[in-house]
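Colleague: So the protein lines, in turn, are chains A and B.
FYI, our numbering numbers position 77 of the first sequence as 77, with every residue one higher than the one before it.
FYI, our numbering numbers position 299 of the second sequence as 299, with every residue one higher than the one before it.
Just so you know, not all the hints are guaranteed correct.
Result set (DSSO-like, lysine-lysine): computed pairs, CA atoms no more than 27 angstroms apart in a straight line [as the list claims (entries may be wrong)]:
| hint | chain 1 | residue 1 | chain 2 | residue 2 |
| --- | --- | --- | --- | --- |
| 1 | B | K599 | A | K136 |
| 2 | A | K136 | B | K210 |
| 3 | A | K161 | B | K6 |
Just the calculated beta-carbon pair ranges, DEER-fashion [stated by the list, open to error]:
| hint | chain 1 | residue 1 | chain 2 | residue 2 | range |
| --- | --- | --- | --- | --- | --- |
| 4 | B | Q230 | A | D112 | 38 to 46 angstroms |
| 5 | A | R69 | B | A36 | 49 to 57 angstroms |
| 6 | A | R118 | B | P64 | 19 to 27 angstroms |
| 7 | A | Q89 | B | A456 | 55 to 63 angstroms |
| 8 | A | R69 | B | L248 | 43 to 51 angstroms |
| 9 | A | D48 | B | E385 | 33 to 41 angstroms |
| 10 | A | R118 | B | P486 | 47 to 55 angstroms |
Covered stretches of chain B (chain A as the covering partner; in silico rule of three or more C-beta atoms under 8 angstroms from a C-beta of chain A) [said to hold, decoys possible]:
| hint | stretch |
| --- | --- |
| 11 | 57 to 66 |
| 12 | 229 to 240 |
Hints listed in this document are in silico derivations from the structure and should not be mistaken for laboratory results.
Idealized CB from N, CA, C, for every residue including glycine.
Chain by chain, the residues run as shown.
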Amino acid sequence: MNDRTGENAFRAGRRSDRAAYAALVERHYRRVFAVCLGMLANVQDAEDIAQETMLKGLQNLRTLARPERFEPWILRIARNQCLDLMRRQKRAKTLPVERKPTHAAGTHQNHDLERAIRRLPQELRLPLTMFYFERKDVVRIARILGISPSLAYERLRVARKELHELLTQGDCHE
Amino acid sequence: MSDDCKKMRDVIAGSVADATHDRNEEQLRAHLDFCAACRDYLRALQQEDKWLTGYFAAADADTPRRRQQVCQAIERVETSQQTDKLSIWRGIMRSRLSQAAIAAAILLAVAVGVSHLGGRLDGTGVAWAGVAERLGRIQDYTYRQRQIDSSGVETPGFELKQEWEMRCYYSCQFGSRWDQYGDMGLIGQYYTLLEEQQLVHVYPGRKTFKRRSQPLPQTMPRDPIGEIRQILAEPCVKLGRTTIDGVLVEGIEVQGQKVGIVRLDDAVSRLWVNVETELPVQMEAEGKRQGSDAYVRFVRDQFQWNAGLTQADLTPVIPADFTQEDWPADNGAARWDAAVAAAEEPMAVDFSPLEELGLLNDDPTPQPPAMALTGMKAIQAAQDEVMSVWPKYTDLRNALRQELDQKLNLESCSVDDLVGLGILLREKYWDAGGDLSPTGYRYGYMARVLLELAHAQEPNDLTIGDELVETIMSVETMRVGEDFWPVLRELRAVQFRRTCAEVEHGRQPAWVDFARGCDLTYLWSNRRGAAEGVHVVDWLIEHAQTGGWTAYLDLLEQIRSQLAQGRGLGYNIYTPAGSTYPEEFRYGGRLPSFRGPAKRAVIPAHPLEPRAAQAEK
Chain A
1 MNDRTGENAF RAGRRSDRAA YAALVERHYR RVFAVCLGML ANVQDAEDIA
51 QETMLKGLQN LRTLARPERF EPWILRIARN QCLDLMRRQK RAKTLPVERK
101 PTHAAGTHQN HDLERAIRRL PQELRLPLTM FYFERKDVVR IARILGISPS
151 LAYERLRVAR KELHELLTQG DCHE
Chain B
1 MSDDCKKMRD VIAGSVADAT HDRNEEQLRA HLDFCAACRD YLRALQQEDK
51 WLTGYFAAAD ADTPRRRQQV CQAIERVETS QQTDKLSIWR GIMRSRLSQA
101 AIAAAILLAV AVGVSHLGGR LDGTGVAWAG VAERLGRIQD YTYRQRQIDS
151 SGVETPGFEL KQEWEMRCYY SCQFGSRWDQ YGDMGLIGQY YTLLEEQQLV
201 HVYPGRKTFK RRSQPLPQTM PRDPIGEIRQ ILAEPCVKLG RTTIDGVLVE
251 GIEVQGQKVG IVRLDDAVSR LWVNVETELP VQMEAEGKRQ GSDAYVRFVR
301 DQFQWNAGLT QADLTPVIPA DFTQEDWPAD NGAARWDAAV AAAEEPMAVD
351 FSPLEELGLL NDDPTPQPPA MALTGMKAIQ AAQDEVMSVW PKYTDLRNAL
401 RQELDQKLNL ESCSVDDLVG LGILLREKYW DAGGDLSPTG YRYGYMARVL
451 LELAHAQEPN DLTIGDELVE TIMSVETMRV GEDFWPVLRE LRAVQFRRTC
501 AEVEHGRQPA WVDFARGCDL TYLWSNRRGA AEGVHVVDWL IEHAQTGGWT
551 AYLDLLEQIR SQLAQGRGLG YNIYTPAGST YPEEFRYGGR LPSFRGPAKR
601 AVIPAHPLEP RAAQAEK
């Protein structure tokens, strides 16, 4: 969040409702996407759910009692949407569809890495993802996830150890 | 792999995860100098860090496109679906709170960013290693200590928030003094006098004091400097900079409880140090009170280092009209230890009478679910899962009574038979797995049927009432349901009225009266029952001296004030056995008087409680 974004959003807010909301999307989408990716470990699912989240946010904006709490509110919606999807996938008894990475190199190395990340438990995967999306700022990650910095740090530490194990075992198949 | 390597690999994983977490850097460097395997491990993790950075950067690279897609989708949303969100959005940006939050976030980002660069605003950082050294040169100091209790969700319908405050004075030469404050002002002053080798407690409210000589250690118990040293010795996360009371401070956070007396679960502790003087400004810990949902936060602040305390500051001032209370040297600690040791011994119970009467289930004794009894949350989750699928007692009562009648011919049973059999069935309930057994409830419910019959025949017998309360609590916890609350309240209320009458006619109050009163206070401790709760606490305060529970007087006075203000009470006045018994977490969510299975019940609720003497025999 910075002043300029805030100023633009404020101007947009004067012009029209949707434009104002677009400014909110501009500011918060990236973090919403990061949370979805951290929970779902799949770029395309995360993309879909992040979009659904922002639309749901638009539909329910009037229920937001404290406007200054927009970010935690939209992140909570994102988490709930992710949990819904995970439940649906579980009910359908289908494994997450193995989609080839649409981004970056698509190298064997990246493919292994993606598989290893997917095998991490969610409570480790989410802080790990946020760590790289939030410029390795543990205090900020802790604030976003609503946990203490030391717990965030501990989860990162364990995540790195487990990820290394998964990568060196060469057993990243789901 | 050696233990040293294992430890260092934790440090390596931590250092790769967070570059600011570098407190073991020197140790790590020394280890890496001679350990090639760990050097390889570090290199591998650094390489993986690069992969991860690249992987997430690639995932992030499409963000502008995705954001654009979302905006387009928003444009497509039908106008009719939209409500007047413009005003809400304007609210977001116009809100002074929002503006303040944005400003604070920017400030925080600046402060944290600077901390991550490894320096302070003037280009240097707090030398944490030097903090302990500076504390070693402190001769005396004062501070404020606060404990904020919040009841959490343990008691539905109301939440308690209570704050306790102490002013503390420490001197290497003279000792210490704690002034405790509550809602009504100064509650007590507690002196530890090094030269006199004495403890002195002064209670202004009731105009009394007590004094005891005993050998004192040279280092102060609960000395916060010791706790600060513990925090400094732990792996930590740096919290960056902020200001406290206008002082620029830098903080660290460690996992685990390093501050305060009450035991906490999932605790974190923080230490904030003045950037200029490099002396502590604030230390704090927070977490859930062990074995309950209550949330506790300790804060120590307003430190004055080398405050220049004199002997006069640490000399008790006792007005002439204060009377001295007894304070026996024997506080029951030895008896307590003996009871705890006894509880560790196997305790065999003879269940053969149940077999002879055909009261044992036909199927083999049901076993509790296989689970390790470690960790409050795991145990409570298992209890809740098991107990929530039990049939209700009220649905089974008539059928069980008929069954018991067929086997025992209830009309022919004496009250003693009913009580004895009820207690044995309750013990069998625990033996069969108790609140972790899917089928063991049957024994507990049969025990309740028998004890209800006995109580109906002898309603004035306080002991039978106690056994009935104990049995109901054995097969219920307050977390799972609350149908039984009015039943327990009525039982305890009847006992209380009886007790008041008996004591008025000359009977000596006893510990068991205290336990019953504590139960009733808790059961009345919602806003509707405040007046009744105050009445009970008044009685407990009035008879503390003769009954022998003066150790709880301060707490009772606090509770009285709390209830009188219409505030709830979210915790038990005392908790038997503390955390000394290995399975203690199983017994949460019940009233103070709850004893549990015989093995656990031998542990006294307090060193002065008579069960301690029984255990000695």
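Colleague: Each hint: holds or not?
Modeller: Quick rundown of the hints versus the structure:
For the given pair, K599(B) sits about 52 angstroms from K136(A) by alpha-carbon distance, which is inconsistent with the 27 angstroms threshold. This hinted pair does not check out: K136(A) and K210(B) have alpha carbons roughly 57 angstroms apart, beyond 27 angstroms. Restraint check: the Cα-Cα separation between K161(A) and K6(B) comes to about 11 angstroms, which is no more than 27 angstroms; the hinted pair holds. Taking the beta carbon of each, Q230(B) and D112(A) are about 42 angstroms apart, inside 38 to 46 angstroms as hinted.
Between R69(A) and A36(B), the C-beta spacing of about 52 angstroms keeps the proposed range 49 to 57 angstroms intact. Between R118(A) and P64(B) the beta carbon distance is about 25 angstroms. The supplied range of 19 to 27 angstroms therefore holds. About 57 angstroms separates the C-beta atoms of Q89(A) and A456(B), a value consistent with the hinted range of 55 to 63 angstroms. R69(A) and L248(B) have their C-beta atoms about 28 angstroms apart, which leaves the hinted 43 to 51 angstroms range violated.
Between D48(A) and E385(B) the CB atoms are about 34 angstroms apart, so this pair conforms to the stated range of 33 to 41 angstroms. Hint check: R118(A) to P486(B), Cβ distance near 52 angstroms, so the stated range 47 to 55 angstroms holds. Against chain A, the stretch 57 to 66 of chain B contributes 8 residues with a C-beta closer than 8 angstroms to a partner C-beta. That satisfies the three-residue criterion, and the hint holds. Counting residues of the stretch 229 to 240 of chain B whose C-beta sits closer than 8 angstroms to any C-beta of chain A gives 4, which meets the bar of three, so the coverage hint holds.
In this structure, the hints that do not hold are numbers 1, 2 and 8, in rising order.
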